[in-house]
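Enquirer: Each chain, written out:
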Amino acid sequence: MRKLMSNRLVVPAFLALLVVALAFVMPSNFYFRVAALVWISALAVIGLNLLMGFAGQVSLGHAGFFGLGAYSVAILPAQFGLHPVIALIAGAAGCALLAFVVGRPILRLKGHYLAVATLGFGILVSMVISNEAWLTGGPDGMPVSRLTLFGWRARGADTWYWITGGLMVVGALLAVNLVASPTGRALRALHDSEVAARVVGVDVARYKLIVFVISAIYASVAGSALALVNGFITPDAAGFLHSIQLVTMVVLGGMGSILGSVVGAAVLVVLPQVLTVFHEYEHLMLGFMMMAFMILLRSGIVPSLSTLIAGRRA
Amino acid sequence: MAEFLQFCASGLTVGAVYALVALGFTIIYNASDVVNFAQGEFVMIGGMTTVFATAAGVPLPAAVLIAILAAMAIGLLLHRLAIEPARGASPVTLIIITIGASIFLRGLAQIVFDKQFHSLPSFSGDTPINIGGALVLPQSFWVLGGALVIVIALWAFFNRTVIGKAVLATAANRLAARLVGINTSFVIGLSFVLSAAIGAIAGILVTPITLTSYDIGTLLALKGFAAAMLGGMGNPIGAIIGGLLVGLLEAFGAGYISSTYKDAMAFIVILAVLFVMPCGLLGRASVERV
Numbered sequence: 000m001r002k003l004m005s006n007r008l009v010v011p012a013f014l015a016l017l018v019v020a021l022a023f024v025m026p027s028n029f030y031f032r033v034a035a036l037v038w039i040s041a042l043a044v045i046g047l048n049l050l051m052g053f054a055g056q057v058s059l060g061h062a063g064f065f066g067l068g069a070y071s072v073a074i075l076p077a078q079f080g081l082h083p084v085i086a087l088i089a090g091a092a093g094c095a096l097l098a099f100v101v102g103r104p105i106l107r108l109k110g111h112y113l114a115v116a117t118l119g120f121g122i123l124v125s126m127v128i129s130n131e132a133w134l135t136g137g138p139d140g141m142p143v144s145r146l147t148l149f150g151w152r153a154r155g156a157d158t159w160y161w162i163t164g165g166l167m168v169v170g171a172l173l174a175v176n177l178v179a180s181p182t183g184r185a186l187r188a189l190h191d192s193e194v195a196a197r198v199v200g201v202d203v204a205r206y207k208l209i210v211f212v213i214s215a216i217y218a219s220v221a222g223s224a225l226a227l228v229n230g231f232i233t234p235d236a237a238g239f240l241h242s243i244q245l246v247t248m249v250v251l252g253g254m255g256s257i258l259g260s261v262v263g264a265a266v267l268v269v270l271p272q273v274l275t276v277f278h279e280y281e282h283l284m285l286g287f288m289m290m291a292f293m294i295l296l297r298s299g300i301v302p303s304l305s306t307l308i309a310g311r312r313a
Numbered sequence: 000m001a002e003f004l005q006f007c008a009s010g011l012t013v014g015a016v017y018a019l020v021a022l023g024f025t026i027i028y029n030a031s032d033v034v035n036f037a038q039g040e041f042v043m044i045g046g047m048t049t050v051f052a053t054a055a056g057v058p059l060p061a062a063v064l065i066a067i068l069a070a071m072a073i074g075l076l077l078h079r080l081a082i083e084p085a086r087g088a089s090p091v092t093l094i095i096i097t098i099g100a101s102i103f104l105r106g107l108a109q110i111v112f113d114k115q116f117h118s119l120p121s122f123s124g125d126t127p128i129n130i131g132g133a134l135v136l137p138q139s140f141w142v143l144g145g146a147l148v149i150v151i152a153l154w155a156f157f158n159r160t161v162i163g164k165a166v167l168a169t170a171a172n173r174l175a176a177r178l179v180g181i182n183t184s185f186v187i188g189l190s191f192v193l194s195a196a197i198g199a200i201a202g203i204l205v206t207p208i209t210l211t212s213y214d215i216g217t218l219l220a221l222k223g224f225a226a227a228m229l230g231g232m233g234n235p236i237g238a239i240i241g242g243l244l245v246g247l248l249e250a251f252g253a254g255y256i257s258s259t260y261k262d263a264m265a266f267i268v269i270l271a272v273l274f275v276m277p278c279g280l281l282g283r284a285s286v287e288r289v
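Here the protein sequences line up with chains A and B, keeping their order. According to numbering that gives the first Met the number 0, the residues represented by the first sequence are 0 to 313, in order. According to numbering that gives the first Met the number 0, the residues represented by the second sequence are 0 to 289, in order.
Hints listed in this document are in silico derivations from the structure and should not be mistaken for laboratory results. Incorrect hints may appear among the rest.
[Stated by the list, open to error] Label pairs and their computed distance ranges (CB to CB):
1. B:210 with A:295: 30 to 40 Å
2. B:80 with A:19: 37 to 47 Å
3. B:276 with A:19: 51 to 61 Å
4. A:303 with B:80: 17 to 27 Å
5. A:20 with B:54: 52 to 62 Å
6. B:185 with A:161: 36 to 46 Å
7. A:133 with B:60: 23 to 33 Å
8. B:80 with A:27: 31 to 41 Å
[Said to hold, decoys possible] Selected chain A positions facing chain B (Cβ under 7 Å, derived; list incomplete):
9. 112
10. 116
11. 126
12. 130
13. 131
14. 250
15. 282
16. 285
17. 290
18. 293
19. 297
[What the hints assert, rightly or not] Chain B residues, not near chain A, derived (Cβ > 12 Å throughout):
20. 130
21. 134
22. 137
23. 143
24. 172
25. 173
Beta carbons are placed, not taken as given, at the ideal position from N, Cα and C, and that holds for glycine.
With the hints as constraints, model all of the structure from the sequences given.
Expert: Right under this line is the structure:
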């Protein structure tokens, strides 16, 4: 059993099974749509979790990369006639480059200073997106052309359920492999103690930058996927509140847990949908549940529950 | 020149509010290491409670008092019900709790009050005062004067009273403070109450100029946090300087460069400052113990 659990393929395989199994119990298109949104958020959160949970660096500006990815599949096909898939790759490459350039100075900062610097970066991106209306449609957003692959048009919530589910599983697979690799070991080392990591020869600045770039790519691809699913995109995707949402998903699900990323995303995507029955009490309930979760399960849902179960078994 | 003075006046007025929010961040952070993102909500509660109390017929001074007391009560509840039970949790977890609290308080305000924008009549008329060609609203003097009074009162509290010194001692070293008999839990609660009162006063003073509504807190918390970091986290003088600077940068950015990018100005400067001084303008470089 332990040997099975330690296998790095367990979590991605479980997620793949989950995607397939859930498809059989979805009662309507609406559920497929919500599930697709969960997979998309989960993808961005897995990337952010690599940065926060494994390397221990906070980013309050990740929605900036998410927004850039979303707008690249909206703008590039509309303005330059690029294929959406090329636009998605171009967006991810652009985000990687941007993360590489801004990451160098930003990641020298520590703790709350890092938080405020990434916050500033995210706000600058979202401000450019909502102010350059000639390119982005401004605060009203802009339409995104449909994805067509070899003459086949991707449409319908169930189609997107499979595409986004697949992206998420691939993302999880790459993430667990990264964590198990020498790079992952270096990241965990610098999370525990930067000084100790440096002493044993880890190039701290380089590894921080690597994981920052990787997490930016995750966010960008997730953003592109959201734009394609919705067929429409507004600057909210790049906004500060979305950054906070992503961070909350990471912490809620459990820092340093890939499975936790998916759980955190699922809770925060599904919860508001459920809470709409409370009408005007919606925000009250959301805030209350966020506080309650974090007070009761302070190291996140998945790690807290797994220690609870392990404790009971012992 | 008149234009320059005009931008100075509006920048300092808004900056004074940011400074008070940043000061609230600093007081709580020093006492408890918590970054309280619900700080902006105190500003909202101050303004909104005053608006609704005066609308119900309460005279303005009494309404102001009610608003400040309401904010203080909520500050205390926030500490007792949300921060204290999570003692020992990681800083990020605590930040998420305060963000949850801010969403909760916004939801509460939406129900108790409403979703409209509200204003208060200016405390001493709307006739602008001409200073070197710049027209300054009398309410601006209320904001700046109020901020000054708060800063002086805080200075006196921290340096001249035993309780104030207990707060400073807790900020310096929590374990040592407990060893000399200071009830640190009380001190941390007090810091929440104090920050809530400061935020509420800022909200009341600025409402006649900038209006208030249930959702103004987020942006204020953001700017206040940024201002506190610009000055150097944990340094009260840095918080005031940071707040005023952010206000001035916005005013000059909007006036001379582009009003659509006025919020960007402040963040560009903050990023630039942090790249050169990674601990803010007045922050001390932290020494990591290995």
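Enquirer: Go through the numbered hints given earlier and state which of them the structure violates, listing their numbers in rising order.
Expert: When the structure is compared with the hints, numbers 6, 7 and 13 turn out to be violated.
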